[in-house]
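**Q** Chains as they are written, first to last, in numbering that gives the first Met the number 0: chain L, 0 to 546; chain S, 0 to 137.
Calculated directly from the structure, the hints in this document are not laboratory data. Check before you lean on any hint, since a few could be wrong.
[As the list claims (entries may be wrong)] Taking lysine to aspartate or glutamate pairs in the EDC-like style, the calculated list, with each CA pair at most 20 Å apart, reads:
{"id": "1", "chain 1": "S", "residue 1": "101", "chain 2": "L", "residue 2": "472"}
{"id": "2", "chain 1": "L", "residue 1": "443", "chain 2": "S", "residue 2": "29"}
{"id": "3", "chain 1": "S", "residue 1": "101", "chain 2": "L", "residue 2": "473"}
{"id": "4", "chain 1": "L", "residue 1": "443", "chain 2": "S", "residue 2": "118"}
{"id": "5", "chain 1": "S", "residue 1": "97", "chain 2": "L", "residue 2": "461"}
{"id": "6", "chain 1": "L", "residue 1": "206", "chain 2": "L", "residue 2": "177"}
{"id": "7", "chain 1": "L", "residue 1": "443", "chain 2": "S", "residue 2": "119"}
{"id": "8", "chain 1": "L", "residue 1": "448", "chain 2": "S", "residue 2": "119"}
{"id": "9", "chain 1": "S", "residue 1": "97", "chain 2": "L", "residue 2": "473"}
{"id": "10", "chain 1": "S", "residue 1": "125", "chain 2": "L", "residue 2": "446"}
{"id": "11", "chain 1": "L", "residue 1": "448", "chain 2": "S", "residue 2": "33"}
{"id": "12", "chain 1": "L", "residue 1": "450", "chain 2": "S", "residue 2": "119"}
{"id": "13", "chain 1": "S", "residue 1": "101", "chain 2": "L", "residue 2": "446"}
{"id": "14", "chain 1": "S", "residue 1": "97", "chain 2": "L", "residue 2": "263"}
{"id": "15", "chain 1": "S", "residue 1": "97", "chain 2": "L", "residue 2": "462"}
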Amino acid sequence: MVSRPGDNSPYNSLMAKNVRERAFTTISGVPVDEVYTSESVRDLDYTRDLGDPGQPPYTRGIHENMYRGKLWTMRQFSGFGTAEETNQRYRYLLEHGQTGLSVAFHLPTLMGYDSDHPMSEGEVGKCGVAIDSLADMEALFEGIPLDKISTSMTTNAPATILWSMYLVVAEKQGLPWDKLQGTIQNDILKEYIAEKTYIFPPRPSMKLIVDTFAFGTRYVPQWNVISVSGYHIREAGSTALQELAFTLYDGIEYVEWAWRAGLDIDTFAPRLSFFFNAHNDFFEEIAKYRAARKVWYKVMTERFHCKNPKSAILRFHTQTAGCALTAQQPYTNVVRVALQAMAAVMGGTQSLHTNALDESLALPTEHAARLALRTQQIIAHETGVANTPDPLGGSYFLERLTLDMEKGCFEYFDRLDAMGGMVAAIEQGFPQREIQDASYQYQKAVERKEKIVVGVNDFVVDEESSIDLLSIDESVAERQISRTRKVRESRDGSRCKAALESLGGAAAAGNLNMMPFVLDCVRAYATLGEICDALRAVYGTYEESIF
Amino acid sequence: MPERIRVLVAKPGLDGHDRGAKIIARAFRDAGFEVIYTGLRQTPEQVVTAALQEDVDVVGLSVLSGAHMTLCPRIMELMKKERLDDVIVIVGGIIPDKDIAKLKELGVSEVFQPGASTEDIITYVKGNVGKRRHTSQP
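Modelling step: build the complete structure from the supplied sequences, incorporating the hints.
**A** This is the structure we're talking about:
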């Protein structure tokens with residue numbers, strides 16, 4: 000059909016929509032050429048830049064056969080209300096084919112407050128599960144054999160405490176720690192940069208993290224002692240490149256601190272893991288994951304001269320982008336999530352969380368959570384993308400993006416090196432400002448309609464279909480507070496007090512690994528708030544400057 | 000507008016998600032408003048004290064943690080107590096539809112949900128600050 004100027008047919012507007020006179024860029028604002036050919040990747044050398052899957056520099060994936068050997072772990076981040084409610088949700092997800100657990104704690108836990116602290120009012124069980132003491136952690140994993148499943152926990156500032164609780168629950172299930180598999184997020188740098196759930200200042204926080212590296216590699220050898228996370232950096236509004244560069248540089252910072260503390264790099268580096276976002280721009284995201292593996296390989300071999308080949312292999316979890324979900328026409332989110340998850344799989348992720356369609360409005364309902372899990376199962380079992388490693392490898396466009404991503408990453412590293420490392424850069428507000436600028440530019444691009452968000456700035460409908468949302472009422476707080484008070488009444492008070500005093504003493508001494516002291520407090524049913532108070536008394540708290 | 004509009008952008012509660020608050024603070028500045036940003040984890044008392052001391056026309060609250068039905072009523076109550084009746088309060092963040100009417104009953108002027116544009120928020124503030132100023136005259 001040919002449409003002519005002046006033709007009043009309804010196809011006129013259709014034709015107009017198909018004329019796309021604009022600058023073509025990725026969602027991060029990187030220009031995209033009209034076409035990519037072999038000329039575009041003349042600087043690409045297969046052996047140097049890609050290697051076969053399972054071979055350095057691991058651009059094409061960390062295993063020879065990738066998902067032919069084992070699918071990624073389907074690990075849905077989940078937690079709300081009390082431990083009992085979340086335990087039910089875990090059992091539900093496991094029954095429906097989930098293959099790993101991921102614990103979302105509520106904000107008071109992450110900020111080091113018990114549920115009855117005044118700052119916790121209104122927040123109990125809202126953004127995650129309320130965990131105040133070992134009693135809650137016991138209820139959370141009731142009936143779930145911890146040697147049969149791997150568990151990831153988004154712990155951050157109170158990582159030592161929450162991990163200790165998990166280890167003691169395992170003890171009580173009669174399991175030796177060397178049988179346990181899982182991950183603690185334990186990444187404080189991205190909290191200062193992006194997510195802002197910090198408690199202590201950077202230096203003592205880094206010390207606690209190094210303590211977990213030393214403890215984990217010795218006593219819990221299959222545990223990932225950190226998940227260095229770009230997810231939250233991206234959610235705060237960064238570009239894909241900033242997410243990659245700041246995350247990997249955070250990784251460098253952790254390795255340096257642990258090395259300076261006397262740890263052997265080849266002992267702990269294989270237990271480092273990473274966590275990236277899966278945003279909307281399909282090829283840019285896949286390039287990011289591929290570049291991540293390659294850059295980390297170079298960092299570990301060229302900067303840290305690791306000897307153990309496993310030290311240079313980057314393993315990562317992915318979560319689809321929460322910030323890309325729309326509150327408008329929420330069912331469109333199912334489609335977004337499927338495409339984002341597809342990018343993560345084609346990028347070679349080791350585990351994956353797919354967001355539920357209702358998560359721009361609330362924590363997911365059971366039904367929405369199941370559909371999100373089903374999305375992964377469809378990608379795994381129906382689409383065929385898991386049949387061969389790095390299925391898009393060799394695409395001129397993707398290889399160009401991957402090379403450019405790597406280059407941009409090392410340019411950021413040079414700037415961060417010049418600032419004296421990431422802790423210094425955070426103190427100067429550098430990553431924070433970079434992210435804020437990117438987030439503002441993106442918002443403006445959306446408002447100018449240079450970037451289209453379906454249902455938000457185009458293809459808008461007046462009538463919204465309402466969806467059922469999960470609601471967490473205040474009875475959760477009442478139940479939680481009454482349990483915590485019972486724990487405080489029924490425990491051996493003098494044992495608890497002594498454990499907390501030893502903890503404070505060890506923190507003040509400054510040169511002791513804090514994990515055994517925290518474990519003792521946890522075993523004595525000291526609450527998370529009490530343990531954090533003892534540490535706050537020595538370490539102080541962090542207040543961010545406003546940049 | 001004879002004077003510059005003064006806005007307090009506040010993050011009450013434990014929520015650290017400040018992307019929206021930072022964007023709207025910057026957009027308000029670009030629109031010529033005087034902006035005071037509280038920083039994170041403010042108690043309702045701290046928010047209202049800041050509104051009073053800074054003599055603002057508008058308080059913008061950003062809450063993404065689900066605690067808005069505890070924090071906003073407390074803030075509105077304290078605002079009334081301090082006779083800040085001529086200050087308009089707007090709320091942004093993850094606020095489900097069912098809570099909007101309740102928030103407005105408490106005196107919140109407008110609620111902006113995910114996807115709201117900074118332009119719309121600025122237009123709303125410009126259109127309503129004057130009205131409030133006018134009607135609050137004896």
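**Q** Take the C-alpha atoms of residue 443 of chain L and residue 29 of chain S, compute the straight-line distance between them, and say whether it is at most 20 Å.
**A** With Cα atoms ~12 Å apart, residue 443 of chain L and residue 29 of chain S stay inside 20 Å; holds.
**Q** Starting from residue 443 of chain L, check that the Cα of residue 119 of chain S is at most 20 Å away, please.
**A** holds (13 Å)
**Q** Quick one, are residue 125 of chain S and residue 446 of chain L close enough, alpha carbons at most 20 Å?
**A** holds (18 Å)
**Q** Is it true that the CA of residue 448 of chain L sits at most 20 Å from the CA of residue 33 of chain S?
**A** Not satisfied, since the Cα-Cα distance of roughly 27 Å exceeds 20 Å.
**Q** Tell me if the straight-line CA distance from residue 97 of chain S to residue 473 of chain L falls inside 20 Å.
**A** Judged against 20 Å, a Cα distance of about 16 Å means the pair holds.
**Q** Taking only the CA atoms, is the gap from residue 97 of chain S to residue 263 of chain L under or equal to 20 Å?
**A** violated (55 Å)
**Q** Are the Cα atoms of residue 443 of chain L and residue 118 of chain S separated by 20 Å or less?
**A** holds (10 Å)
**Q** Would the hint linking residue 101 of chain S and residue 472 of chain L be met if the CA-CA limit is 20 Å?
**A** Holds: residue 101 of chain S and residue 472 of chain L sit about 15 Å apart, inside 20 Å.
**Q** Given the hinted pair residue 97 of chain S and residue 461 of chain L, is their Cα-Cα distance within 20 Å?
**A** holds (18 Å)
**Q** Is residue 101 of chain S close enough to residue 446 of chain L, meaning Cα to Cα at most 20 Å?
**A** Roughly 29 Å separates the two Cα atoms, so the pair is violated.
**Q** Check the hint pairing residue 101 of chain S with residue 473 of chain L against an upper bound of 20 Å on the C-alpha distance.
**A** It holds: about 16 Å lies between the C-alpha atoms, which stays within 20 Å.
**Q** If you draw a straight line from the CA of residue 97 of chain S to the CA of residue 462 of chain L, is it 20 Å or shorter?
**A** holds (16 Å)
Checked against the numbered hints above, the structure violates hints 6, 11, 13 and 14; every other hint is satisfied.
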